[in-house]
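Asker: Whenever a hint applies, use it, and build me the whole structure from the sequences.
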Amino acid sequence: MRASTERTILIIGAFIMVIGMPAVILAAIALGEIPLDKALSTHPLVTIPYAFVKIGWGLIWAVVAVDWVVHGSHGMRRVLGELIKSERGRKILDFLINAIMVITGIVMFYVLVFVT
Amino acid sequence: MKSLVVKVKRFDGSKTWWQEYKVDISSEKISVLDVLIKIKEEQDPTLAVRYSCRMAICGSCGMVINGIPRLACQTLISELGDSKITVEPMWNHEVVKDLVVDLEPDFEKVKAVKPYILRDTKEIYESDVEFGQRPEDLEKYYNFAYCIQCGICMAACPILGSNPKFLGPMALNAAYRWSADSRDRGWNARRAVIDAEDGVWPCHLAYTCSAVCPRGVDPGFSIQLLKSAILRRRARP
Amino acid sequence: MRAGRGIGEWFRVINLERVLFLLHRITGVYLVLYIFPRPYLILLYGSWEEALKLDMTPIGKLLAAFFVFSILLHGINGLRIMLVELGVIKGWPVRDPIKPTPALRASKANWLMVVLTVLGTIIGTAIGTYLVLYGAETWP
Numbered sequence: 000m001r002a003s004t005e006r007t008i009l010i011i012g013a014f015i016m017v018i019g020m021p022a023v024i025l026a027a028i029a030l031g032e033i034p035l036d037k038a039l040s041t042h043p044l045v046t047i048p049y050a051f052v053k054i055g056w057g058l059i060w061a062v063v064a065v066d067w068v069v070h071g072s073h074g075m076r077r078v079l080g081e082l083i084k085s086e087r088g089r090k091i092l093d094f095l096i097n098a099i100m101v102i103t104g105i106v107m108f109y110v111l112v113f114v115t
Numbered sequence: 000m001k002s003l004v005v006k007v008k009r010f011d012g013s014k015t016w017w018q019e020y021k022v023d024i025s026s027e028k029i030s031v032l033d034v035l036i037k038i039k040e041e042q043d044p045t046l047a048v049r050y051s052c053r054m055a056i057c058g059s060c061g062m063v064i065n066g067i068p069r070l071a072c073q074t075l076i077s078e079l080g081d082s083k084i085t086v087e088p089m090w091n092h093e094v095v096k097d098l099v100v101d102l103e104p105d106f107e108k109v110k111a112v113k114p115y116i117l118r119d120t121k122e123i124y125e126s127d128v129e130f131g132q133r134p135e136d137l138e139k140y141y142n143f144a145y146c147i148q149c150g151i152c153m154a155a156c157p158i159l160g161s162n163p164k165f166l167g168p169m170a171l172n173a174a175y176r177w178s179a180d181s182r183d184r185g186w187n188a189r190r191a192v193i194d195a196e197d198g199v200w201p202c203h204l205a206y207t208c209s210a211v212c213p214r215g216v217d218p219g220f221s222i223q224l225l226k227s228a229i230l231r232r233r234a235r236p
Numbered sequence: 000m001r002a003g004r005g006i007g008e009w010f011r012v013i014n015l016e017r018v019l020f021l022l023h024r025i026t027g028v029y030l031v032l033y034i035f036p037r038p039y040l041i042l043l044y045g046s047w048e049e050a051l052k053l054d055m056t057p058i059g060k061l062l063a064a065f066f067v068f069s070i071l072l073h074g075i076n077g078l079r080i081m082l083v084e085l086g087v088i089k090g091w092p093v094r095d096p097i098k099p100t101p102a103l104r105a106s107k108a109n110w111l112m113v114v115l116t117v118l119g120t121i122i123g124t125a126i127g128t129y130l131v132l133y134g135a136e137t138w139p
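Residue numbers (numbering that gives the first Met the number 0), protein chains in the order written: chain A, 0 to 115; chain B, 0 to 236; chain C, 0 to 139.
Hint data in this document are derived by calculation from the structure and do not stem from the laboratory.
Be careful, since some hints might not be right.
Said to hold, decoys possible - Listing some non-contacts, in silico: residues in chain A with all C-beta distances to chain B over 10 angstroms:
1) Arg1
2) Glu5
3) Ile15
4) Pro21
5) Ala22
6) Leu82
7) Arg87
8) Phe94
9) Ala98
10) Gly104
Stated by the list, open to error - Derived SDA-like pairs: lysine to any residue, alpha-carbon spacing no greater than 25 angstroms straight-line:
11) C:Lys89 / A:Lys53
12) C:Lys98 / B:Arg53
13) C:Lys52 / A:Ile11
14) A:Lys90 / B:Val192
15) A:Lys90 / C:Glu136
16) A:Lys53 / C:Glu136
17) A:Lys53 / C:Ile126
18) B:Lys164 / A:Leu39
19) C:Lys52 / A:Val114
20) A:Lys53 / A:Lys84
21) C:Lys89 / B:Thr85
22) B:Lys14 / C:Met0
23) A:Lys84 / B:Val109
24) B:Lys110 / A:Lys53
25) C:Lys98 / B:Cys57
26) B:Lys139 / B:Arg235
27) A:Lys84 / B:Cys57
28) C:Lys98 / C:Val12
29) B:Lys28 / C:Ala2
30) A:Lys84 / C:Gly5
31) B:Lys39 / B:Thr85
32) B:Lys164 / A:Lys53
33) B:Lys8 / B:Gln73
Yeah, the Cβ is synthetic: ideal placement off N, Cα and C, and Gly gets one too.
Answerer: In structure tokens:
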């Protein structure tokens, strides 16, 4: 994959999160699914994404979460790639990162949609 | 008479150490290079320093002065505001001796981006038409053409610290300067070099290169212009 | 002998953008290390409630507070980086023989994003940390 294509994926992933996360949260509040007073008095990790799973929006949040996994994997690949100089090392790194990304993405989707 | 304490990081090929020199100066309106030459002439002729023009045009005397990469000829004692001066060789470079570093890798990277007009030779030799350039076309790259290839931006870049294969601000600035030139037709050839894992993408906008550039070239911004041209699939930057 | 600190160059402070670069890297790595194990923990515990109990311990709350800081700084600064790389934040270097100004230093839009990053992170972290420490630990 060309380096600019990888960068484009990273940027699109980042936009989905930066715009998607606030959009989903504001939509849930605006539609009354998550009361604002409850959101502002609850531990953030209970509200996000647990509350979304409880109100049945797990699939919507799963899209953002899987995107998070893709963006995070590419970011780690970038940081670790600077420390690994050899071509063989970078190929091994690519394989490991892709494997972690795919497996974690699937598990993330599963727990957000099927685990209550 | 003002007394200065100059701490220089020495290297003799095998070991490195800090050596202190006490220097008396009659005026603070002299440069760090003047002080180093004074040390060489009066105290320690073995101190290795690279310099040439003494007026910030050749780019030879790049070094780290009081924790910031600068040109020694351009840095006045009065600017530093301290009677203790620390001088060390440019970071991210192999040291040859004392303050002299190997700049060959930097120049190899600049050569890799083809820093010259790339154009069909038929056009040049079989036509009488001049390759004119309007003032607004010149403005697109003029600031970035001020580069004297001193290597200070390469010393300042944090990515080059961990990844010596990164092309670096000096080479990428050259790639932009030549690609943005309206007379050039080599963007596709240069893009193949810079759109690579160690090309333009390791840059993460630390912007120290532009903060320390002694000529105001702003290589950090030329890198972002290159990225934008690649991402937006432009015909030229 | 190679001059400099190698990977330690990331930690050298020279200008503001470099500090943001370092924090962006640290928060990015932290976010990956914090988020990636979570779905596996939920699978291991079999339910969200059991997994969330770990977040309610003192160490869990400390990590959660840093998570709030990380997501805000990484997100807003990341937006700034993306806008610069895509050429949306425009600017041009100011040429001056005595004091030239780099483009992003002269750009009001870039400064606005830097201020948003700093203020947004501070205010958001303050609110988030308050909720982490005193917010309800279960969803009704």
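Asker: Please go over all the hints and tell whether each is borne out by the structure.
Answerer: Cross-check of the supplied hints:
1. Consistency note on Arg1 of chain A: stated as away from chain B, yet its beta-carbon is not over 10 angstroms from all of that chain's, at 6 angstroms minimum.
2. Listed as a non-interface residue, Glu5 of chain A fails to keep its Cβ farther than 10 angstroms from every Cβ of chain B; the least gap is roughly 8 angstroms.
3. Every Cβ of chain B is farther than 10 angstroms from the Cβ of Ile15 of chain A; the closest lies at roughly 16 angstroms, confirming the non-interface assignment.
4. Pro21 of chain A, annotated as away from the interface, keeps every beta carbon of chain B farther than 10 angstroms; the closest lies near 23 angstroms.
5. Every CB of chain B is more than 10 angstroms from the CB of Ala22 of chain A (nearest about 23 angstroms), matching its label as outside the interface.
6. The Cβ of Leu82 of chain A does not lie farther than 10 angstroms from every Cβ of chain B; its closest approach is about 6 angstroms, which violates its non-interface assignment.
7. Non-interface status of Arg87 of chain A relative to chain B is upheld: no Cβ of that chain comes within 10 angstroms, the nearest being about 14 angstroms off.
8. Residue placement check: Phe94 of chain A keeps its beta carbon more than 10 angstroms from all beta carbons of chain B (closest about 15 angstroms).
9. Ala98 of chain A, annotated as away from the interface, keeps every beta carbon of chain B farther than 10 angstroms; the closest lies near 19 angstroms.
10. In this structure Gly104 of chain A is separated from chain B by more than 10 angstroms, as the shortest Cβ-Cβ distance comes to about 23 angstroms.
11. For the given pair, Lys89 of chain C sits about 44 angstroms from Lys53 of chain A by alpha-carbon distance, which is inconsistent with the 25 angstroms threshold.
12. Using a Cα cut-off of 25 angstroms, the hinted pair Lys98 of chain C and Arg53 of chain B holds, with the two alpha carbons roughly 19 angstroms apart.
13. Annotation: proposed proximity of Lys52 of chain C to Ile11 of chain A is violated, straight-line Cα distance about 34 angstroms (limit 25 angstroms).
14. For the proposed pair Lys90 of chain A and Val192 of chain B, the alpha carbon gap of about 20 angstroms is at most 25 angstroms, so the pair holds.
15. A distance of roughly 44 angstroms separates the Cα atoms of Lys90 of chain A and Glu136 of chain C; the hinted pair therefore is violated under the 25 angstroms criterion.
16. Simply put, Lys53 of chain A and Glu136 of chain C have alpha-carbon atoms about 15 angstroms apart, close enough for the 25 angstroms limit, and the pair holds.
17. Using a Cα cut-off of 25 angstroms, the hinted pair Lys53 of chain A and Ile126 of chain C holds, with the two alpha carbons roughly 24 angstroms apart.
18. Among the hinted pairs, Lys164 of chain B with Leu39 of chain A is inconsistent with the structure: their alpha-carbon atoms are about 48 angstroms apart, more than 25 angstroms.
19. As the CA atoms of Lys52 of chain C and Val114 of chain A are separated by approximately 16 angstroms, the hinted pair is consistent with the 25 angstroms bound.
20. The suggested pairing of Lys53 of chain A with Lys84 of chain A is violated, with an alpha-carbon distance near 46 angstroms, which exceeds 25 angstroms.
21. At most 25 angstroms may separate the alpha-carbon atoms for a hinted pair to count; Lys89 of chain C and Thr85 of chain B exceed this at roughly 38 angstroms.
22. Proposed proximity of Lys14 of chain B and Met0 of chain C is supported: the alpha carbons are some 9 angstroms apart, at most 25 angstroms.
23. The suggested pairing of Lys84 of chain A with Val109 of chain B holds, with an alpha-carbon distance near 20 angstroms, which does not exceed 25 angstroms.
24. Restraint check: the Cα-Cα separation between Lys110 of chain B and Lys53 of chain A comes to about 59 angstroms, which exceeds 25 angstroms; the hinted pair is violated.
25. Proximity of Lys98 of chain C to Cys57 of chain B is assessed by CA-CA distance (about 19 angstroms); at most 25 angstroms being required, the pair is judged to hold.
26. Our distance criterion of 25 angstroms between C-alpha atoms is met by Lys139 of chain B and Arg235 of chain B, whose separation comes to about 11 angstroms.
27. Distance hint between Lys84 of chain A and Cys57 of chain B is unfulfilled; the C-alpha atoms sit about 33 angstroms from each other, more than 25 angstroms.
28. A C-alpha spacing of about 21 angstroms is found between Lys98 of chain C and Val12 of chain C, which places the hinted pair at or below 25 angstroms, so the restraint holds.
29. Proximity of Lys28 of chain B to Ala2 of chain C is assessed by CA-CA distance (about 29 angstroms); at most 25 angstroms being required, the pair is judged violated.
30. Under the criterion of a C-alpha separation no larger than 25 angstroms, the hint pairing Lys84 of chain A with Gly5 of chain C is consistent with the structure, at around 13 angstroms.
31. In summary, the hint linking Lys39 of chain B to Thr85 of chain B is supported, as the alpha carbons are separated by about 16 angstroms, within the 25 angstroms threshold.
32. Annotation: proposed proximity of Lys164 of chain B to Lys53 of chain A is violated, straight-line Cα distance about 49 angstroms (limit 25 angstroms).
33. Our distance criterion of 25 angstroms between C-alpha atoms is met by Lys8 of chain B and Gln73 of chain B, whose separation comes to about 20 angstroms.
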